[in-house]
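**Q** Residue numbers (the working numbering), protein chains in the order written: chain A, 1 to 271; chain B, 1 to 271.
I should point out that these hints are in silico values taken from the structure, not numbers from a laboratory. Some clues are possibly wrong.
Where chains are identical, the list cannot tell them apart; a pair therefore holds if satisfied intra-copy or between any two copies.
Taking lysine-lysine pairs in the BS3-like style, the calculated list, with each CA pair at most 27 angstroms apart, reads [to be verified]:
no.: 1; residue 1: K141; residue 2: K242
no.: 2; residue 1: K197; residue 2: K45
no.: 3; residue 1: K45; residue 2: K242
no.: 4; residue 1: K77; residue 2: K99
no.: 5; residue 1: K77; residue 2: K225
no.: 6; residue 1: K197; residue 2: K225
no.: 7; residue 1: K197; residue 2: K141
no.: 8; residue 1: K140; residue 2: K99
no.: 9; residue 1: K242; residue 2: K99
no.: 10; residue 1: K140; residue 2: K242
no.: 11; residue 1: K77; residue 2: K141
no.: 12; residue 1: K141; residue 2: K99
no.: 13; residue 1: K140; residue 2: K197
no.: 14; residue 1: K197; residue 2: K242
no.: 15; residue 1: K99; residue 2: K225
2 protein chains.
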Amino acid sequence: MRRTAFFVSDGTAITAETFGHSLLTQFACVDFRQIRLPFVDTHEKARDAVSLINRAAEADSNRPLVFSTIVDGEIGKELFACNGHVFDMFSTFMEPLEKILGVERSPRVGQAHGMGNAHAYEDRMEATNYALTHDDGISKKLDQADVILIGVSRSGKTPTCLYMALHYGVKAANYPLTEEDLEQPRLPVFLRNHRHKLFGLTIDAERLAQIREHRRPGSRYASIKQCRYEVEAAESMLRIEKVPSLSTTDSSVEELASRILLELGLQREVF
Amino acid sequence: MRRTAFFVSDGTAITAETFGHSLLTQFACVDFRQIRLPFVDTHEKARDAVSLINRAAEADSNRPLVFSTIVDGEIGKELFACNGHVFDMFSTFMEPLEKILGVERSPRVGQAHGMGNAHAYEDRMEATNYALTHDDGISKKLDQADVILIGVSRSGKTPTCLYMALHYGVKAANYPLTEEDLEQPRLPVFLRNHRHKLFGLTIDAERLAQIREHRRPGSRYASIKQCRYEVEAAESMLRIEKVPSLSTTDSSVEELASRILLELGLQREVF
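Model the full structure from these sequences, guided by the hints.
**A** See below:
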């Protein structure tokens, strides 16, 4: 079964996409074509969106699903005229929320993913810069780090650091455990002072070999023997040194970031 | 007015946070303390969450707002027993969605921000690696790029590229327009073949000077005179070469990424 789903917003449509996509993941048997329509912030653009939705309805012989987070009431109304099933997050929850809070909302478009709190936004940008300049062991000056990910080369440290920095303003450094480091079962000396900030990432040796093979085909670095040796040595070090760790084999960067922030107690309020 | 808001989920809580935070941005007059409770996936953790919420209710003398995306019905019920106002995205929209689709949902925890489609996830990781190895003009081999951001140093190119890569699997390179490039009003030669992939980022000279001052205090590089010269020359080049552009002065990376993908027609389906 094939259906089209639209994520429509007068802002970036990131909320609409997150909201709609989450619901759709619960219907594994349906093949959804998912289309994002951001910045629908004029009546003209709303009419364009309605045309698009109506054309999809005809092409599919099935009314599309429309997940909307349009803030502007008048533009929102325009959308409701489309030949689709509209799920509107704002109109559904706003009224009860106003009652509970005892204040009326002050409708503001594009707040959820705008600059918001300028200070928090700058923290995110600074953290991203930090992650880039403290990636892959480039810098051993780790006093400013909120978290330091350690693991063998290609275990997924970099994207996880970037995600934590970009989204949560967390200063995340990472250090690759080298063959030399792995010759002894203890942490490299310069990391011992930062023990409380350390988090290990590990990975199945088979998956690691695949990833490395893609990078350096036929190399010793990518051989299953080498990958097994490194992963075993790294896991043993993490165990002996009691560094908390997670496997990246079946976890997304979003899952890893959420778990690491939870375990290290780095639950920043970043908005 | 101060209120506590909880974002609760049996997964990463990214959807719950996005959903709740979006609604809360519409109440600028209220000071919300926002707390994320991810991975509430057992009855025990649900009871812990309820305790936390109830303690906040007592401390605030006000029932907290609770935005939930718990998928598991039984665990969800447990949460509803808390002394907070629970807004449940799944239970609100799931029933109408099931009726429309004519199929029952197959409840699956942690799908929204899990690995999902493994192929799409690998694309995101590969694109992130691409962004890192094609950052700041490191590589002039840009055939594989989906988009190439150009602009003066510190105009916001890197975080925007990383966001597009990490979220949308878009291969985003960036190239800093150097003083030498800016001496002539035309695009650097090696960029001319990639004209259709180019997107300019610009910024107010005053803001740029601030950012550069933070990086290299007292330098010619950070002087307002230099910043004005570079920004004017870059904007003139973008205009003459008809490269679409955006200002990063008041836009977040989320807004920039959404607009760039929309304007270049890079509306990938990444799920």
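**Q** Each of the hints needs a verdict: does it hold here or not?
**A** Hint check:
{"no.": "1", "hint": "K141 - K242", "result": "within (22 angstroms within a copy, 44 angstroms between copies)"}
{"no.": "2", "hint": "K197 - K45", "result": "between (48 angstroms within a copy, 25 angstroms between copies)"}
{"no.": "3", "hint": "K45 - K242", "result": "between (56 angstroms within a copy, 24 angstroms between copies)"}
{"no.": "4", "hint": "K77 - K99", "result": "both (22 angstroms within a copy, 23 angstroms between copies)"}
{"no.": "5", "hint": "K77 - K225", "result": "neither (62 angstroms within a copy, 49 angstroms between copies)"}
{"no.": "6", "hint": "K197 - K225", "result": "neither (31 angstroms within a copy, 42 angstroms between copies)"}
{"no.": "7", "hint": "K197 - K141", "result": "within (13 angstroms within a copy, 38 angstroms between copies)"}
{"no.": "8", "hint": "K140 - K99", "result": "neither (53 angstroms within a copy, 57 angstroms between copies)"}
{"no.": "9", "hint": "K242 - K99", "result": "neither (49 angstroms within a copy, 50 angstroms between copies)"}
{"no.": "10", "hint": "K140 - K242", "result": "within (21 angstroms within a copy, 44 angstroms between copies)"}
{"no.": "11", "hint": "K77 - K141", "result": "neither (55 angstroms within a copy, 48 angstroms between copies)"}
{"no.": "12", "hint": "K141 - K99", "result": "neither (51 angstroms within a copy, 57 angstroms between copies)"}
{"no.": "13", "hint": "K140 - K197", "result": "within (14 angstroms within a copy, 37 angstroms between copies)"}
{"no.": "14", "hint": "K197 - K242", "result": "within (12 angstroms within a copy, 48 angstroms between copies)"}
{"no.": "15", "hint": "K99 - K225", "result": "neither (63 angstroms within a copy, 53 angstroms between copies)"}
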